[in-house]
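Given these sequences and hints, build the entire structure.
Be aware that the sequence shown starts at 1, since it is given in full-length UniProt numbering, and climbs by one per residue.
Certain hints may be false.
[To be verified] In silico BS3-like pairs for lysine-lysine, Cα to Cα no more than 25 Å straight-line:
#1 K201 with K142
#2 K131 with K112
#3 K112 with K141
#4 K141 with K107
#5 K131 with K141
[Stated by the list, open to error] Computed spacing ranges between beta-carbons, pair by pair:
#6 K43 with K131: 32 to 38 Å
#7 I139 with K201: 19 to 25 Å
#8 D31 with N210: 18 to 24 Å
#9 H106 with A198: 30 to 36 Å
#10 K43 with E97: 23 to 29 Å
#11 D129 with P86: 21 to 27 Å
Source of the hints: derived by calculation from the structure; they are not laboratory data. By construction, the Cβ of each residue, glycine as well, lies at the ideal position given by its N, Cα and C atoms.
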Amino acid sequence: MSRSHSTSALIVVDFQNDFVNGSLTVPNGVDIADNLNLLKKHKLFDLVVLTIDWHPHGHISFASSHPGKKPFESIEVSYGTQMLWPDHCIQDTEGAEIHSSMHVSHKDIQVKKGYNPMVDSYSGFLELDKKNKTELDDILKKHHIRDIYVTGLAYDYCVKYTCLDGIAFGYNVHLIEDAAKGITPDGVETATKELEGAGVKLVKTQQVLNR
Numbered sequence: 001m002s003r004s005h006s007t008s009a010l011i012v013v014d015f016q017n018d019f020v021n022g023s024l025t026v027p028n029g030v031d032i033a034d035n036l037n038l039l040k041k042h043k044l045f046d047l048v049v050l051t052i053d054w055h056p057h058g059h060i061s062f063a064s065s066h067p068g069k070k071p072f073e074s075i076e077v078s079y080g081t082q083m084l085w086p087d088h089c090i091q092d093t094e095g096a097e098i099h100s101s102m103h104v105s106h107k108d109i110q111v112k113k114g115y116n117p118m119v120d121s122y123s124g125f126l127e128l129d130k131k132n133k134t135e136l137d138d139i140l141k142k143h144h145i146r147d148i149y150v151t152g153l154a155y156d157y158c159v160k161y162t163c164l165d166g167i168a169f170g171y172n173v174h175l176i177e178d179a180a181k182g183i184t185p186d187g188v189e190t191a192t193k194e195l196e197g198a199g200v201k202l203v204k205t206q207q208v209l210n211r
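Next comes the structure, spelled out in structure tokens:
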């Protein structure tokens with residue numbers, strides 16, 4: 001099939017072992033693998049980008065870095081409120097590897113995020129303090145991308161923030177709902193309202209394949 005999404009990119013957010021079946025599992029996250037593979041197989045996009053959570057040991061987002069704190073508690077840091085998580089996606093560990101249920105092409109571009117030990121990074125574009133960019137925006141602009149189709153884990157965190165920053169950077173942003181999973185139903189519902197309010201277009205895999 002020839003490309004039908006001119007100047008468009010598929011962005012797969014953080015489809016990594018620790019989020020699929022590891023220390024910070026997104027419930028039923030593995031279920032999106034079939035749709036991810038369908039979207040990649042049909043070669044509809046000019047570019048496929050995989051964002052990779054890539055934390056050093058002792059990262060600020062780890063509860064283990066804050067004595068007396070537990071996962072899913074929050075603390076105040078220089079850039080606002082930081083949710084604390086179990087240790088996850090530590091650099092050069094199995095947990096940080098892309099989950100094997102998704103086929104990876106040598107043409108896929110990987111963009112690492114979250115490697116600053118003192119600032120978390122949910123979005124594929126920016127750290128949470130909004131000061132430092134990843135490579136993603138520069139890569140998309142280099143390839144003249146206008147439309148981005150966002151998928152992956154977790155809908156109510158990294159996927160949401162990637163979509164919102166995509167809007168802020170001037171892209172036409174489409175969230176493929178059935179190729180993303182969230183941590184909680186309430187979180188997904190709240191995120192959906194926020195995303196729609198920001199101008200993100202919600203679509204299904206089959207709609208994208210049929211265009």
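Fill in: Index of numbered hints that the structure contradicts, given in increasing order
none
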